[in-house]
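Colleague: Under my numbering, the residue at position 283 of the sequence shown is numbered 560, and the numbers go up by one with no gaps.
No lab work stands behind these hints: they were computed from the structure.
There could be a bad hint or two in this list.
When the alpha-carbon atoms are kept at most 25 angstroms apart in a straight line, the in silico DMTMM-like pairs for lysine to aspartate or glutamate are as follows [unchecked claim]: (1) Lys563 <-> Asp690; (2) Lys340 <-> Asp417; (3) Lys563 <-> Asp599; (4) Lys694 <-> Asp658.
Derived CB-CB ranges, DEER-like [said to hold, decoys possible]: (5) Ala326 <-> Ser655: 24 to 32 angstroms; (6) Arg718 <-> Gln669: 18 to 26 angstroms; (7) Tyr679 <-> Glu741: 28 to 36 angstroms; (8) Glu700 <-> Glu588: 40 to 48 angstroms; (9) Ile607 <-> Gln767: 36 to 44 angstroms; (10) Asn489 <-> Tyr679: 53 to 61 angstroms.
Glycine included, each C-beta is placed from N, C-alpha and C at the ideal position.
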Amino acid sequence: MILTRRRSMLRSASVELRVACRPRGMSRAARSARPASALQPQCAVYPRAPRNERVLEHCVGTKERECLAHELTMLTRNPDTIPIVLSPDTPSYGDCCSQMMPFDHQLVAAYFHRASPATITQAIELATACQPSWERTSVDERCGVLERATDLLAGVFRQRVIAAAMIGQGMTAIQAELNVCQLIDYLRFGCYFMRELTRNKSLIDGGDDAINHNQYHGLEGFWAAITPYNSLAYAAQLAIMPTIIGNCVVWKPSDHSVLACYRVFECLQCAGLPPGVINFVPADEKCFLEAVCSNTDLAGISFGGTTRTLEHIWRTVGAHIDKYLRFPRIVGTGSGKNFHVVHSSANLANAVACTARAAFEMAGQKSSSCSRVFVAQSVLDRFTECLAQVAQSLVVCHPLDYRCFMSALASQDAYDKVYGFLERACRDSAVRLVCGGRTDRGVGYFVEPTVYVVPEPTHELMCEELRGPVLAVCGFPDDDREALVWAVAQTQYAITGSIFA
Numbered sequence: 278m279i280l281t282r283r284r285s286m287l288r289s290a291s292v293e294l295r296v297a298c299r300p301r302g303m304s305r306a307a308r309s310a311r312p313a314s315a316l317q318p319q320c321a322v323y324p325r326a327p328r329n330e331r332v333l334e335h336c337v338g339t340k341e342r343e344c345l346a347h348e349l350t351m352l353t354r355n356p357d358t359i360p361i362v363l364s365p366d367t368p369s370y371g372d373c374c375s376q377m378m379p380f381d382h383q384l385v386a387a388y389f390h391r392a393s394p395a396t397i398t399q400a401i402e403l404a405t406a407c408q409p410s411w412e413r414t415s416v417d418e419r420c421g422v423l424e425r426a427t428d429l430l431a432g433v434f435r436q437r438v439i440a441a442a443m444i445g446q447g448m449t450a451i452q453a454e455l456n457v458c459q460l461i462d463y464l465r466f467g468c469y470f471m472r473e474l475t476r477n478k479s480l481i482d483g484g485d486d487a488i489n490h491n492q493y494h495g496l497e498g499f500w501a502a503i504t505p506y507n508s509l510a511y512a513a514q515l516a517i518m519p520t521i522i523g524n525c526v527v528w529k530p531s532d533h534s535v536l537a538c539y540r541v542f543e544c545l546q547c548a549g550l551p552p553g554v555i556n557f558v559p560a561d562e563k564c565f566l567e568a569v570c571s572n573t574d575l576a577g578i579s580f581g582g583t584t585r586t587l588e589h590i591w592r593t594v595g596a597h598i599d600k601y602l603r604f605p606r607i608v609g610t611g612s613g614k615n616f617h618v619v620h621s622s623a624n625l626a627n628a629v630a631c632t633a634r635a636a637f638e639m640a641g642q643k644s645s646s647c648s649r650v651f652v653a654q655s656v657l658d659r660f661t662e663c664l665a666q667v668a669q670s671l672v673v674c675h676p677l678d679y680r681c682f683m684s685a686l687a688s689q690d691a692y693d694k695v696y697g698f699l700e701r702a703c704r705d706s707a708v709r710l711v712c713g714g715r716t717d718r719g720v721g722y723f724v725e726p727t728v729y730v731v732p733e734p735t736h737e738l739m740c741e742e743l744r745g746p747v748l749a750v751c752g753f754p755d756d757d758r759e760a761l762v763w764a765v766a767q768t769q770y771a772i773t774g775s776i777f778a
């Protein structure tokens, strides 16, 4: 927003100091993480650009591996019970549900309470009431809370969050570590760029009698965050990032990532996040959407999940548009269906290695997972042969085994959808199975790394949303680039893509 004020109207502003109250149960270590300088009014300090968080490898004998083993033991022996958190002093409770371990669905990763419509409405009202005061806090204070959270996340909370992601979402140790590092980077760089935006308020010289400057502020009302199960870093940043600018959030995590998301939320509480700024509300998705989209104070929605659900959100908000007090924003990411293109001139060893990792890490459930490959006809057979060798060598087991490359799918629903694709592909005589295709849900929701060769780019396996370790390969004439570009562009899902040539 651009503001213009006359010089004669300028007044000196008084300094207002706000110190976030410490949530009940904050540890001495968390209190000591808050520097004394944060309690004193001071001019803004603009640090240099942060560096990316270093990835720990959890090698045998390292301290981080010992700490992770301890956290895993604690979680498997004593599953947590996760409340609905609107205020640290008065947690709420609803219907008790279980988040099961996807690699052993007889074991409970955590118990959590699911919010009723009345509790969701209460969370919305609290976020709406807290938004004006949170917005009035300085950018430095808001960023300071999140920067303390990143320090805790990089330190004492690191292995707790990693263990929660492994137990609850079936991530391997390295995948969970990468998610934590990515979340730390999101927060550090987000705070840095927020400070950079507000650093230079002067725009242009308005002449002798005017000053022009800009102002960044949150949106009136509440912000809803509906987050996915397949990426902890992305889920947490969808809920946290709106708070940097001054918004208050009602966070509904996926039922299959409640444990890890709650660990991140605890980290924010220990960092001094005031009550009401983020409200942790596990809930039924349909019930939550009805409560959020029908509330006149809706300011915006952050969403990560399936394209069908995102389309439903757009339709629902559009149907209520005349009832809102303001026009809501929607920030959403749908399905991936990401592509690789392998040209005849490509380094096949590199293309195979990158494709295997992109398709099968995290059991192919990431939004950036590769699920379709276009390969030049002259190298198609060599590519699929090498890819099959790599896929068959991957270790598929429970993630507590450090040899594990890929574990189980996150839920029964995810397994059933992938199983349906495999059944239809098995009955399709035009589809050639290169490797994999077997499933096992006796203990966990396991699917082998699977590669098919399909006859045309419009085949179901090349076009439909598929979150699992299933890869479709389609050949293209070496010299027909226009047809290749057309084929890649025909599929509506494509968050990312890679070309090897």
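Colleague: Against this structure, judge whether each hint is valid.
Modeller: Hint-by-hint comparison with the structure:
The straight-line distance between the Cα atoms of Lys563 and Asp690 is roughly 16 angstroms, inside the 25 angstroms bound, and the hint therefore holds. At most 25 angstroms may separate the alpha-carbon atoms for a hinted pair to count; Lys340 and Asp417 exceed this at roughly 34 angstroms. Annotation: proposed proximity of Lys563 to Asp599 holds, straight-line Cα distance about 21 angstroms (limit 25 angstroms). Distance hint between Lys694 and Asp658 is unfulfilled; the C-alpha atoms sit about 29 angstroms from each other, more than 25 angstroms.
Hint check: Ala326 to Ser655, Cβ distance near 45 angstroms, so the stated range 24 to 32 angstroms is violated. Range check, Arg718 to Gln669: Cβ separation about 21 angstroms, and the 18 to 26 angstroms hint holds. At about 34 angstroms, the beta-carbon gap between Tyr679 and Glu741 stays in the expected band of 28 to 36 angstroms. The supplied range of 40 to 48 angstroms is broken by Glu700 and Glu588, whose beta-carbon atoms lie about 26 angstroms from each other.
Ile607 and Gln767 have their C-beta atoms about 25 angstroms apart, which leaves the hinted 36 to 44 angstroms range violated. Take Asn489 and Tyr679: their Cβ atoms lie about 58 angstroms apart, and the range 53 to 61 angstroms holds.
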